[in-house]
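> What follows is each chain in one-letter form.
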Amino acid sequence: MITDLAIVGAGPAGMAAAIEAAALGLSVTVLDEQPAPGGQVFRAVEAAASDPALAGEFLDAGGALAKAFRAAKGIAYRPRTTLWHLDPDAGLLSVTSSGATAEIEARRVVLATGAQERPVPIPGWTLPGVMSAGAAQILLKTAGAVPEGAVVIAGQGPLCWLLAVQLLRAGVERLTLLETGSGGALRDALRAGGLWTGRKLLAKGVALMRETRARGLKVVRNVRDLRAEGDGRVSTVRWRQGTRDHALACDTLLLHEGVIPSTHITRALGLDHDWDERQLCWRPRLDEWGATSHPNVAVAGDGGGIGGWEAAAAGGRLAAIDAAHRLGRLDAAARDGRAAGVRKAQRAALALRPFLDRLYRPGPGILTPADDTIVCRCEEITAGQIRGAARRGAAGPNQVKAFLRAGMGPCQGRMCGTVVAGLIAETRGATMEQVGALRPRAPFKPMTVGELANARPEAMPELTA
Amino acid sequence: MTDPDILIVGGGLHGLCAALHLARAGRRVRVLEARQVGAQASGYSAGGVRTLGRHPAEVPLALEAIERWHGIADLVGDECGFRAVGQVRVAETEAELASLAARVERLRAAGWTHEELVDAEMVRRLLPAVAPHVLGGIVARRDGFASPLRTTRAFGRAAEAAGAEIIEGARVAAVERRAGLWRLRTQGGETHAAPLLLNAAGAWGGRIARAAGETIPLGFNAFQMLLTEALPPLLTPVVGAAGRPLSFKQSEGGHVMIGGGHKGQADLDTGTVRLDVPRLAYSARTALDLFPALRGARIVHAWAGIEGVMPDALPVIGRSAVADGLVHAFGFSGHGFALAPVIGARVAGLLLDGPEAPALAAFAPDRFTLGGPAPETHPALLQPAG
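From first to last, the protein sequence lines are chains A and B. The opening residue of the first sequence carries number 1 in the numbering used here; numbering runs sequentially from there. The opening residue of the second sequence carries number 466 in the numbering used here; numbering runs sequentially from there.
If you're looking for bench data, these hints aren't it; they were derived computationally from the structure. This one's a predicted model, so the numbers in the text were calculated from it and none came from an experiment. Where hints are given, some of them may not hold.
One-sided excerpt, in silico: chain A residues whose CB lies under 8 angstroms from chain B [what the hints assert, rightly or not]:
no., residue
1, 79
2, 82
3, 85
4, 91
5, 98
6, 103
7, 246
8, 247
9, 248
10, 348
11, 404
12, 408
13, 441
14, 447
15, 448
Some chain B residues close to chain A (C-beta under 7 angstroms, calculated; not the full set) [said to hold, decoys possible]:
no., residue
16, 571
17, 572
18, 746
Note that CB positions come from ideal geometry on N, CA and C, so glycine has one too.
Just chain A, with the same shape it has in the complex:
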């Protein structure tokens, strides 16, 4: 059976797209890796309904969206299902679930795969006890796990403050925030405007900062040259501030330099992308409906550019309205009429973005770590080795992969791909566009030989050589 619209991801964009598409009469299949709807931002929101540490917008808005998604008619929801291959010309999605692979046929595909944390390659980041702030937040949301002992959050971005509040509420006593942003960023950010339109979000941020102060968060600003050290586990974090070196004992170091669009699948499909010089990441090239350079594929939500959950939900609805139009269920006038209000909401949600993008612009060193830093965690390839390969003639990340196997491990280059490109650009004096993006291959997520072998019987080919 062919579904009208396959939606990959059940976060705010995916849920909103599904609700809208079903309301427009499309048959919808939503596949998602998680056991329950919510995505990253509203992860496990249904189960967390009574947790006071997570109270606020998370439970109110996220809970309402998940409830509407569950209640909508005409949505085939497939949790714990991973997309590992997509043939957009044929409309074939290959997925794994329950230990087997299967194929889903769809007339149109919306990728709502969200954001990923920007990898923060610093010396020592592979030590046990060092993890991303997002990973710590997942542990808190899904397992109620709170790190013990002295905890340091290092980096920048709204998530640092949100996580600080959540950890303090959950009982962490010794918490330090090392902020890596520079003073000039605020002045630049204020010039970007949008502060009035985005005042609601801004107020939310200010309230977060106030609460962390009240709860005794220690904040150090203008931090650079971060290093994690320890014997078998992180025990010390070191940094420079001005002209002085500092060190602090810690049991857990949580790194965060913002989030970037998850472009793994859109790059694997070979869709057109642009380099975002301000946020130092790739973005798929999209039209005002989220349509990509492939006629059957759209992107909704943070996967097309970071905008937060309200903008993502609006983007999901627009992609669904466009899908209904393309599939002949909605004429152009009805499409535009239905989209008008959604666009207004999207604009409001995105108003603060230029300010935030400037305020939390990652430092230029984020793509060019020191030679002794491990860049590809899977194959343990250092920045120095990658610079060496670039000097020997590797002109792009796909060639570095062939030279060094960087990007050949289970993460498929999610952690190293952009840093590898940044190191090549630096070494060869080229732009990121010239160096190009790593082209991931299927499977988009590793699956086992057993899962692949367990293809559904009807999909088995004749035994021919």
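Assemble the complex: chain A is given as a structure, and chain B must be docked to it using the hints.
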């Protein structure tokens, strides 16, 4: 640069190897590569270096090639990742075992002793992780595998060091013979001319031949491969199966590569390939049947490379039947990687007016267009890709 003596279409392993031999013989050589060196089958090969299970017509070449592989560093200044770990072909039924035994007998009668029949116990000594139903097999102990891209690049570097010129991004759009010269125009609009032309264009070899006025029935395949994450040591030799297409090996880094000829879809015009998931699943089942320990191993990459395939699964190697100054070397049908070091030397000989070696008769470009009976279209044994 001065005008070349010889133009080579195709910067894959065969074109580069010929370039190396020709340049070392003092000829001015220019290689025109549509994309980058090793961009198609040469870079996406499984890298099998195999004499085992070859079609009888290929055996002399394969035996000569294996000697060159054992001294590959002397040839190109790089050991190309070559590991002489041996190759094993396992039998899963009594009938398969009998057919392997008969094959070894036939080879011995012809004076070839490189294949050795082994019983179930010896197979298990060679492959401790193999499934219990395996009854025996054949082994070629001097065989092994090499790193395809590294090998191709090494041949390219050696050819350049010998004076050959390699132009990447030069896709040939038109071929013409005029006044004793081959004139090739690229998509970028440049023209290259030389008295001699080598067609080593792989899957695109049929198109180049047609442009030169010759019809050769070349098809193409996109051979699919799977690569697992690094695993603890599971097996040393390269493994194939007598009854089904499989090429299976573990690199020194621990990654297991599963290939063998299950085809994806390809487009010669764009050079793009598409995975065929049901066939990929079939490959996974074959690998699991023979190595059950792989069940939980995570697959990190699946890919396909475009390769030219002839109806009889034998390559086209020889002088053009219709045009002067043109030699073909393409259509290796998924198992040309191991032969490359010797093919390049033979092809160079053909271009330099050496005698037509009788050993190349089975690969004649016109074997499908002559009036006689059609050549046999099935090799004696399944030849896994790579």
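> Each hint should be assessed against the structure and marked as holding or not.
Hint by hint, here is what the structure shows:
1. 79: Status violated, d = 21 angstroms.
2. 82: Result: violated, 12 angstroms to nearest chain B Cβ.
3. 85: holds (6 angstroms)
4. 91: violated (13 angstroms)
5. 98: Violated - the Cβ of residue 98 of chain A stays beyond 8 angstroms from chain B, reaching only about 15 angstroms at its closest.
6. 103: holds (7 angstroms)
7. 246: The hint is violated - residue 246 of chain A has no Cβ within 8 angstroms of chain B, the shortest such distance being about 38 angstroms.
8. 247: violated (35 angstroms)
9. 248: Violated, about 35 angstroms.
10. 348: violated (41 angstroms)
11. 404: Hint violated; residue 404 of chain A Cβ to chain B Cβ min 11 angstroms, cut 8 angstroms.
12. 408: holds (7 angstroms)
13. 441: holds (5 angstroms)
14. 447: holds (6 angstroms)
15. 448: It holds, given that the least Cβ distance between residue 448 of chain A and chain B is near 5 angstroms, below 8 angstroms.
16. 571: Status violated, d = 21 angstroms.
17. 572: Violated: closest Cβ of chain A sits about 22 angstroms from residue 572 of chain B, beyond 7 angstroms.
18. 746: With a minimum Cβ separation of about 4 angstroms from chain A (threshold 7 angstroms), the hint on residue 746 of chain B holds.
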